[in-house]
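Each residue of the sequence shown is one higher than the one before, counting from 2 in the numbering used here.
No wet-lab data here; the hints were simulated from the structure.
Treat the numbers as computed from the prediction; the structure is a model and nothing was measured.
Every residue, glycine too, gets a C-beta built ideally from N, C-alpha and C.
All the pointers check out, no bait thrown in.
List of simulated lysine to aspartate or glutamate pairs, DMTMM-like, C-alpha gap at most 20 angstroms:
{"#": "1", "residue 1": "Lys7", "residue 2": "Asp419"}
{"#": "2", "residue 1": "Lys233", "residue 2": "Glu43"}
{"#": "3", "residue 1": "Lys7", "residue 2": "Asp420"}
{"#": "4", "residue 1": "Lys18", "residue 2": "Asp260"}
{"#": "5", "residue 1": "Lys437", "residue 2": "Asp15"}
{"#": "6", "residue 1": "Lys310", "residue 2": "Glu380"}
{"#": "7", "residue 1": "Lys310", "residue 2": "Glu337"}
{"#": "8", "residue 1": "Lys386", "residue 2": "Asp15"}
{"#": "9", "residue 1": "Lys310", "residue 2": "Asp285"}
{"#": "10", "residue 1": "Lys437", "residue 2": "Asp260"}
{"#": "11", "residue 1": "Lys233", "residue 2": "Glu213"}
{"#": "12", "residue 1": "Lys386", "residue 2": "Glu413"}
{"#": "13", "residue 1": "Lys126", "residue 2": "Asp94"}
{"#": "14", "residue 1": "Lys18", "residue 2": "Asp301"}
{"#": "15", "residue 1": "Lys18", "residue 2": "Asp285"}
{"#": "16", "residue 1": "Lys339", "residue 2": "Asp375"}
{"#": "17", "residue 1": "Lys126", "residue 2": "Asp354"}
{"#": "18", "residue 1": "Lys339", "residue 2": "Glu371"}
{"#": "19", "residue 1": "Lys71", "residue 2": "Glu51"}
{"#": "20", "residue 1": "Lys310", "residue 2": "Glu281"}
{"#": "21", "residue 1": "Lys386", "residue 2": "Glu337"}
{"#": "22", "residue 1": "Lys7", "residue 2": "Asp121"}
{"#": "23", "residue 1": "Lys339", "residue 2": "Glu380"}
{"#": "24", "residue 1": "Lys216", "residue 2": "Asp199"}
{"#": "25", "residue 1": "Lys339", "residue 2": "Asp384"}
{"#": "26", "residue 1": "Lys71", "residue 2": "Glu43"}
{"#": "27", "residue 1": "Lys233", "residue 2": "Asp211"}
{"#": "28", "residue 1": "Lys310", "residue 2": "Glu371"}
{"#": "29", "residue 1": "Lys339", "residue 2": "Glu281"}
{"#": "30", "residue 1": "Lys126", "residue 2": "Asp148"}
{"#": "31", "residue 1": "Lys126", "residue 2": "Glu346"}
{"#": "32", "residue 1": "Lys339", "residue 2": "Glu372"}
{"#": "33", "residue 1": "Lys71", "residue 2": "Asp238"}
{"#": "34", "residue 1": "Lys386", "residue 2": "Glu364"}
Pair ranges (Cβ atoms, derived):
{"#": "35", "residue 1": "Glu346", "residue 2": "Ala16", "range": "34 to 40 angstroms"}
{"#": "36", "residue 1": "Lys7", "residue 2": "Glu213", "range": "49 to 55 angstroms"}
{"#": "37", "residue 1": "Asp375", "residue 2": "Asn433", "range": "33 to 39 angstroms"}
{"#": "38", "residue 1": "Thr374", "residue 2": "Thr75", "range": "42 to 48 angstroms"}
{"#": "39", "residue 1": "Ile192", "residue 2": "Pro257", "range": "44 to 50 angstroms"}
{"#": "40", "residue 1": "Ala145", "residue 2": "Leu87", "range": "21 to 27 angstroms"}
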Amino acid sequence: MSHTEKSITAHRSDALKGNIRIPGDKSISHRSFMFGALASGETRITGLLEGEDVLNTGRAMQAMGALIRKENGTWIIQGTGNGCLLQASQPLDFGNAGTGARLTMGLVGTYDMETTFIGDASLSKRPMGRILDPLRLMGVQVTAQGDRLPVTLHGPRRAAPITYRVPMASAQVKSAVLLAGLNTPGITTVIEPIMTRDHTERMLRGFGADIEVEKAASGNRIIRLAGQGTLKGQVIDVPGDPSSASFPLVAALLVPGSDITIHNVLMNPARTGLFLTLQEMGADITLLNEQITGGENVADLRVRTSQLKGISVPVERAPSMIDEYPALSIAAAFSEGKTIMAGIEELRVKESDRLTAVAAGLEANNIFCEEGTDYLIIEGRPDGKGCGGGTVATHLDHRIAMSFLIMGLAAEHGVTIDDASMISTSFPQFINLMTKLGGSFT
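Kindly produce the complete structure, drawing on both the sequences and the hints.
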């Protein structure tokens, strides 16, 4: 069954069973295209997430001079060399890809050229000021209405290295500044009070960048990058995306009698907050075949149906699971007692205002919740009785769509989402894969 541009209803399902492999990690896939485009020589990528968001990043790199092709499942990139990207002849269209747009702003902002960024209706509403502010400090001139897309960057003749303290826990801001530093003479320094996902640092080191990471006595992470160095092409095998894994994982926890194994999932410590939180709630998640590949921890996850209990999620864990709160909210909806999620204001500047979208979706399906400025409290209904029956507005947000489809698999009554078309941005195989496990959709 394949759905692309219409509403879908998920129905209470029999036990989910089977072994699956999920799409490649979205964060690593974006960066693989970018760093491959910047590197000298050839980069070969397997396991790439071939969702629209990542492909838009690849198209942007092609527009600036990288040669990219796919042969027998492997993506092959002939890079331009660091500092040698070309001015694109047309605006770079990132569709719905916030990560692609924001990181590429950093990547090209310090080039002595003009680059215009555009996107779809959803991306055009998302704030870009947090990226543009440090770029302005480096000498980049910005033309934009209210720091929203469309944005045009006019790079300086010679960018200025900066020391930048990231004002919020954001891997995108940190990464954009570091990428801007690649084409900037001298040392660019990023101070990170709260650690966020560190794929940029790990991958830059793997490509040969001169980068140092230090944990200061104050607790801050200090990252120093020497600009204008040489990056060399690499061979990359992208592990499975833990954010995508969250959907079949939560479904298996909630649908009675389920027992599934999800293979080759990225287990970077900065990305495993959801798994830890679910285990604290009583989830039966077993790690198998733990290993390190390409500098990243990976494992298979065996997941079995579990009776979950509500907890108060530690605020400091939010950066390691910010994209997983919609899926966690569905687990909380079927848990015993209250689940309290605080310090999650960052959800308001994702593909949608996810905090409000999740709260509205839960209420439409008879789950009581309380939404605050930066928190959500969910009162669970462990047996699923009386749950469901509602239609959820997805607001063009793939994670809202998938989360509430998962809800429908465990609820007494079916759950409908208004639009499934955007699921293809991150998880094109979602419906087919969940159907293969035993999920029921119409």
